[in-house]
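Heads up: the sequence lines are chains L and P, in that order. In short: position in the first sequence from 1, add 8, done, that's the working numbering. In short: position in the second sequence from 1, add 736, done, that's the working numbering.
Please keep in mind that the hints were generated in silico from the structure rather than gathered at the bench. The beta carbon of each residue, even a glycine, is placed where N, CA and C say it ideally should be. Where hints are given, some of them may not hold.
Covered by chain L, per the in silico footprint, the following chain P stretches (three or more residues, Cβ under 8 Å) [said to hold, decoys possible]:
no., region
1, 765-772
2, 790-802
Example chain L residues on the side facing chain P (calculated, C-beta under 7 Å, incomplete) [claimed, not checked]:
no., residue
3, Asp23
4, Glu51
5, Leu118
6, Gly119
7, Leu122
8, Gln125
9, Pro148
10, Ser149
Here's the letter readout for the chains.
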Amino acid sequence: MQMRLFIPREQARVDDLNASLEAVLRNNGISREIQGNVRLIVEELASNAIQHGDVSGLEAQQHELCVDIGIRDRLLTLEFRESGAPFNPLEQPPPDDLDAGILERTTGGLGLHLVRQVAEQASYERIGDSNVLRLTLSIPSAGSAP
Amino acid sequence: MSLDIAVHPPGRGSQRVSLQGRLDTHTYEDLDEALAPLLTRQLHSLVLDLSGLDYISSAGLRSLLKARKALAPHGGKVLLVDPPPQIRKVLDIVSAVPLNEIFASTAEADAYLDAMQRRIVEEGDGDARD
Numbered sequence: 009m010q011m012r013l014f015i016p017r018e019q020a021r022v023d024d025l026n027a028s029l030e031a032v033l034r035n036n037g038i039s040r041e042i043q044g045n046v047r048l049i050v051e052e053l054a055s056n057a058i059q060h061g062d063v064s065g066l067e068a069q070q071h072e073l074c075v076d077i078g079i080r081d082r083l084l085t086l087e088f089r090e091s092g093a094p095f096n097p098l099e100q101p102p103p104d105d106l107d108a109g110i111l112e113r114t115t116g117g118l119g120l121h122l123v124r125q126v127a128e129q130a131s132y133e134r135i136g137d138s139n140v141l142r143l144t145l146s147i148p149s150a151g152s153a154p
Numbered sequence: 737m738s739l740d741i742a743v744h745p746p747g748r749g750s751q752r753v754s755l756q757g758r759l760d761t762h763t764y765e766d767l768d769e770a771l772a773p774l775l776t777r778q779l780h781s782l783v784l785d786l787s788g789l790d791y792i793s794s795a796g797l798r799s800l801l802k803a804r805k806a807l808a809p810h811g812g813k814v815l816l817v818d819p820p821p822q823i824r825k826v827l828d829i830v831s832a833v834p835l836n837e838i839f840a841s842t843a844e845a846d847a848y849l850d851a852m853q854r855r856i857v858e859e860g861d862g863d864a865r866d
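Could you put the whole structure together from the sequences, leaning on the hints where they help?
The following block contains the structure:
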């Protein structure tokens with residue numbers, strides 16, 4: 009199974025994206041736990057791109073977010089693509105002092121930390137005008153869920 | 737799915753709020769608004785029942801931290817009750833955050849609150865609590 013979903017860079021549309029992804033995952037028999045992990049990754053990456061991404065150098069019609077989702081064997085792959093200034097979410101520092109600085113901080117530090125922890129593997133590539141992040145999650149075989 | 741927020745009748749210096757659904761970018765402002773009038777100097781425990789929560793993201797965590805920060809200056813605490821495994825996992829990932837009071841059940845949280853009340857009485861601070 010492989011499919012691609014696009015949304016405009018608008019926070020209100022992130023929930024639509026997640027609703028679509030959830031339907032796809034459910035139809036493919038993916039557990040609620042993995043559905044939750046995918047929702048978390050997509051919400052954090054999309055919100056971060058929408059709130060902090062620099063799209064000043066782009067034409068309006070390029071202001072899109074794109075998610076490719078693939079399910080093969082016991083592996084779920086997500087490819088998150090956003091056009092904008094170069095930004096590698098994997099190179100952002102972990103939120104080391106959450107307690108002290110949290111209200112001054114944007115949610116970005118916290119959100120990207122969650123993405124890095126939830127995904128089993130993640131890699132970043134700059135392709136043309138886009139930041140491309142590839143993530144994988146393994147799917148526990150049926151019946152082995154706790 | 738959205739977020740349902742049930743604000744229970746206030747107790748002695750404690751306030752219970754139950755959350756159901758998703759606490760995320762789309763709903764955290766609803767929670768902030770619901771909690772704002774409750775976070776007074778008189779409140780020493782905000783008890784958040786998370787047993788009905790399906791999902792939390794960093795935006796939701798930030799709301800919890802904001803409540804904690806609002807209560808902290810006068811010694812108030814945010815207690816989290818019965819977070820389901822998926823929620824617990826996210827709380828654990830950000831364990832650097834001292835959301836230090838997580839309870840398995842409302843009974844455990846109540847026992848903790850009772851113990852805290854007793855300690856206040858034993859320490860004999862003359863504040864009228866209500």
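Exercise. Which hint numbers doesn't this structure obey?
Worked result: 1, 9 and 10
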